[in-house]
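For the record, the sequence lines run as chains X and Y. Position 18 of the first sequence, counted from 1, bears residue number 18 in my numbering, the numbering being contiguous throughout. Position 36 of the second sequence, counted from 1, bears residue number 36 in my numbering, the numbering being contiguous throughout.
The set of hints was computed from the structure by calculation and includes no laboratory data. Among these hints, one or two may not hold up.
Label-pair ranges, simulated between beta-carbon atoms [stated by the list, open to error]:
1) 3(X) <-> 94(Y): 28 to 36 Å
2) 100(Y) <-> 161(X): 21 to 29 Å
3) 97(Y) <-> 148(X): 43 to 51 Å
4) 63(Y) <-> 96(X): 15 to 23 Å
5) 77(Y) <-> 22(X): 41 to 49 Å
6) 113(X) <-> 95(Y): 48 to 56 Å
C-beta: ideal position from N, C-alpha, C; glycine also.
So the chains spell out like this:
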Amino acid sequence: MAVAVFFVAALMAVAGAIGVISFREPIRSVLSLVVVMIALGILFLLLSAQFVFVAQIIVYAGAVMVLFLFVIALFGPAREFARANLRFQSWLSAVFALGLLILIWVMLSGVQYRQPEKTDLTLFGTVQSIALGLFTTYLYPFELTSLLLLVAAIGAIYLSRKKVDDR
Amino acid sequence: MSDMTLGGSHLDASWFLILSAILFTLGAVGVLVRRNPLVILICIELMLNAVNLTLVTFSRQLGNLEGQLFTLMSITVAAAEAVVGLAILVDIFHTRDVEDIDELSEMKG
Numbered sequence: 001m002a003v004a005v006f007f008v009a010a011l012m013a014v015a016g017a018i019g020v021i022s023f024r025e026p027i028r029s030v031l032s033l034v035v036v037m038i039a040l041g042i043l044f045l046l047l048s049a050q051f052v053f054v055a056q057i058i059v060y061a062g063a064v065m066v067l068f069l070f071v072i073a074l075f076g077p078a079r080e081f082a083r084a085n086l087r088f089q090s091w092l093s094a095v096f097a098l099g100l101l102i103l104i105w106v107m108l109s110g111v112q113y114r115q116p117e118k119t120d121l122t123l124f125g126t127v128q129s130i131a132l133g134l135f136t137t138y139l140y141p142f143e144l145t146s147l148l149l150l151v152a153a154i155g156a157i158y159l160s161r162k163k164v165d166d167r
Numbered sequence: 001m002s003d004m005t006l007g008g009s010h011l012d013a014s015w016f017l018i019l020s021a022i023l024f025t026l027g028a029v030g031v032l033v034r035r036n037p038l039v040i041l042i043c044i045e046l047m048l049n050a051v052n053l054t055l056v057t058f059s060r061q062l063g064n065l066e067g068q069l070f071t072l073m074s075i076t077v078a079a080a081e082a083v084v085g086l087a088i089l090v091d092i093f094h095t096r097d098v099e100d101i102d103e104l105s106e107m108k109g
């Protein structure tokens with residue numbers, strides 16, 4: 001059962017990723033990315049990461065993708081035309097992609113898996129256990145994250161403000 | 001070698017890692033071949049997602065929760081990155097209509 005779920009989700013993810021890079025209209029790329037994120041959310045559930053699944057759906061497939069859709073809606077559906085300044089660009093990138101895939105493959109096949117300690121799956125990845133890690137051992141990085149979000153928000157406001165004075 | 005029994009059935013961690021590698025490569029290809037700056041940002045999000053899958057897989061494989069905590073941090077950083085990147089794009093789109101990333105080769109304001 002879990003194997004079937006994995007392969008359906010993996011197929012969804014790969015199809016969505018191909019859609020992201022092959023659709024000409026940006027809005028279709030964004031919607032394909034939503035498909036990829038939902039598929040990855042299913043895989044997170046398979047890996048018993050419930051809280052990460054919820055965060056993935058709410059933050060990624062919800063908030064971030066809506067942000068992209070807003071920007072596209074704001075500036076109209078710009079189509080991308082098939083003209084390249086750099087000749088052989090697609091060939092070069094195909095060679096590069098093949099090299100990257102082979103590199104990752106070699107790295108992955110060299111991984112020595114450690115036999116895991118017996119984990120209690122009734123607690124693993126739940127909100128309780130995540131919160132326990134986040135508010136005890138990793139409290140400092142967690143607080144720094146809020147600072148990062150604040151800086152990003154201020155930066156976004158600064159960048160998108162109306163420039164009346166200097167123009 | 002890397003079994004995870006899950007609900008009676010049997011999953012291999014390397015399947016997840018290979019899927020993650022494929023998604024990462026597809027994202028990299030997107031960054032290379034697409035010319036719309038917005039689509040390039042979308043492809044970067046795709047690559048970040050692929051790495052998140054790797055982190056969660058190793059977290060489950062090693063029975064260690066730190067991978068999932070790191071994934072949460074990574075989601076936050078990706079959200080911040082998307083916000084700032086889109087703000088820069090909006091700022092650029094206000095002044096001119098950019099359909100090709102090559103038109104933005106200079107960094108003058």
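Here is what the structure says about each hint:
{"no.": "1", "hint": "3(X) <-> 94(Y): 28 to 36 Å", "result": "50 Å, violated"}
{"no.": "2", "hint": "100(Y) <-> 161(X): 21 to 29 Å", "result": "26 Å, holds"}
{"no.": "3", "hint": "97(Y) <-> 148(X): 43 to 51 Å", "result": "32 Å, violated"}
{"no.": "4", "hint": "63(Y) <-> 96(X): 15 to 23 Å", "result": "36 Å, violated"}
{"no.": "5", "hint": "77(Y) <-> 22(X): 41 to 49 Å", "result": "27 Å, violated"}
{"no.": "6", "hint": "113(X) <-> 95(Y): 48 to 56 Å", "result": "52 Å, holds"}
Consistency with the previously given hints fails for numbers 1, 3, 4, 5, ordered from lowest to highest.
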